[in-house]
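Novice: Sequence:
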Amino acid sequence: MKAMRLLRFGGPEELRLEDVTPPVPGAGEVLIQVHAAGLNYAELLQREGRVPGAPPPPFTPGYEAAGVVSAVGSGVTHLTRGARVVAMLPGQGAFAELAVAPAALVTPIPEALPFEKAVALLSQAPAALAGLRVAGRVRRGDAVFIPAAAGGVGSFMVQLAKALGAGRVIAGASTGEKRELALRLGADTAIDYTRPDWPERVREATDGRGADVVFERSGGAGLGQGLAALAPQGRLVLFGAESMSGTSVSSEQVTRMLFQNQSLVGFAFPALPREVQAETLREVFQRVADGTLEVVVGRTFDLRELPEAHRALEQRKTSGKVVILPGAAARVSSAR
Numbered sequence: 003m004k005a006m007r008l009l010r011f012g013g014p015e016e017l018r019l020e021d022v023t024p025p026v027p028g029a030g031e032v033l034i035q036v037h038a039a040g041l042n043y044a045e046l047l048q049r050e051g052r053v054p055g056a057p058p059p060p061f062t063p064g065y066e067a068a069g070v071v072s073a074v075g076s077g078v079t080h081l082t083r084g085a086r087v088v089a090m091l092p093g094q095g096a097f098a099e100l101a102v103a104p105a106a107l108v109t110p111i112p113e114a115l116p117f118e119k120a121v122a123l124l125s126q127a128p129a130a131l132a133g134l135r136v137a138g139r140v141r142r143g144d145a146v147f148i149p150a151a152a153g154g155v156g157s158f159m160v161q162l163a164k165a166l167g168a169g170r171v172i173a174g175a176s177t178g179e180k181r182e183l184a185l186r187l188g189a190d191t192a193i194d195y196t197r198p199d200w201p202e203r204v205r206e207a208t209d210g211r212g213a214d215v216v217f218e219r220s221g222g223a224g225l226g227q228g229l230a231a232l233a234p235q236g237r238l239v240l241f242g243a244e245s246m247s248g249t250s251v252s253s254e255q256v257t258r259m260l261f262q263n264q265s266l267v268g269f270a271f272p273a274l275p276r277e278v279q280a281e282t283l284r285e286v287f288q289r290v291a292d293g294t295l296e297v298v299v300g301r302t303f304d305l306r307e308l309p310e311a312h313r314a315l316e317q318r319k320t321s322g323k324v325v326i327l328p329g330a331a332a333r334v335s336s337a338r
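Convert by adding 2 to the 1-based position in the sequence shown; the result is the number in my numbering.
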């Protein structure tokens, strides 16, 4: 079968399409014909060797897959051949025509849900919902700032913040087109968060008070900027770290946090209890089914175009979920 292999840690050029031996499911596992695989920023960090516990190269990256069960290992009784599923893989394997997944991490999907949308729901939508509810503790009437609001997580977060009762959703996006998308998804205001003065724009949008909840994903100078945009009693949620170099918080900012009862909260969806993850996934599937949550699939790439997909995501040239389609079977399925 065809699989995209990471030969060594480094840039996108280290990804190569190769012929490899198809995997075989063991006890408690299933083999999936992959029709769609999700690309996330975490895979870019993994490619560079910046994810603790990542396997040593060479390996097949990718941890989100949607497709059809083609074989089951011993002890698997709740899944059968032909079932349409999404699966979270333990760190690798999705960027291939076939992938093995633990049956416990495989979820059946409705017949009417396209594979591309199903894989977009697997981790980013639940992360958005749990980030708002668990880490951000969003309350009715809160002002919420969401960076990368046209991206995979952000596009869900904008919609879900409004659904949870946020009074004002301020979307951060890097281009006019992305800001228009965020507004269409329900944001009340959209600003260019690549400008260094974006905290001032947040304060303008909140009558000078600042946002009750600020999400921060970039690290570096973004941490201090997030604190500058935060209201008294506000929560700054750190849910990503594109680059922690240059990250610093001044003594004045720490003092302000102390005397304004502000909080700095770290959040990682995979660290939540398994039952919380499963319940959150069920909720987002239900929200899609009842039409209250829109899945934004941005660009799709063929498996051989994975290096190009990495570059597009790094350069912020994508909106919504970036999806990889491994092989002709996936292209046929997308037309369903």
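Just so you know, the hints here were simulated from the structure itself, not pulled from any lab data. Just so you know, not all the hints are guaranteed correct.
Claimed, not checked - Restraint-style ranges between C-beta atoms, simulated for each label pair:
#, residue 1, residue 2, range
1, V53, G28, 18 to 28 Å
2, K4, V256, 44 to 54 Å
3, F61, Q317, 18 to 28 Å
4, G178, G210, 38 to 48 Å
5, G188, S76, 44 to 54 Å
6, R83, G12, 48 to 58 Å
7, T79, L9, 30 to 40 Å
8, A280, G167, 35 to 45 Å
9, G178, S253, 18 to 28 Å
10, V251, R135, 22 to 32 Å
11, A29, E254, 54 to 64 Å
Heads up, the beta-carbon is just placed ideally off N, CA and C, and yes, glycines get one too.
Novice: Falls inside 44 to 54 Å, the C-beta gap from K4 to V256?
Specialist: holds, 52 Å
Novice: Return holds or violated for the Cβ distance of V53 and G28 against the range 18 to 28 Å.
Specialist: Once the Cβ atoms are compared, 25 Å apart, the range 18 to 28 Å for G28 and V53 holds.
Novice: Against the range 18 to 28 Å, how does the distance between the Cβ atoms of F61 and Q317 compare: consistent or not?
Specialist: holds, 25 Å
Novice: For the range 30 to 40 Å, tell me whether the beta carbons of T79 and L9 fit it or not.
Specialist: Hint holds: Cβ distance 39 Å, inside 30 to 40 Å.
Novice: So does V251 sit 22 to 32 Å from R135, Cβ to Cβ?
Specialist: holds, 26 Å
Novice: Assuming the hint says 48 to 58 Å, is it satisfied by the Cβ distance from R83 to G12 or not?
Specialist: violated, 39 Å
Novice: Taking the CB of A29 and the CB of E254, does the distance hold inside 54 to 64 Å?
Specialist: This hint holds: roughly 58 Å between Cβ atoms.
Novice: Regarding G188 and S76, is the given constraint of 44 to 54 Å on their beta-carbon distance met?
Specialist: holds, 47 Å
Novice: Taking 38 to 48 Å as the stated bounds, is the beta-carbon spacing between G178 and G210 within them?
Specialist: Since G178 and G210 have Cβ atoms about 26 Å apart, the given range 38 to 48 Å is violated.
Novice: Is it true that A280 and G167 lie within 35 to 45 Å of each other by Cβ?
Specialist: violated, 24 Å
Novice: Could you tell me whether the CB distance from G178 to S253 stays inside 18 to 28 Å?
Specialist: Violated, since G178 and S253 (Cβ atoms, about 38 Å apart) do not stay within the stated range.
Hint check: violations occur at hints 4, 6, 8 and 9; the rest are consistent with the structure.
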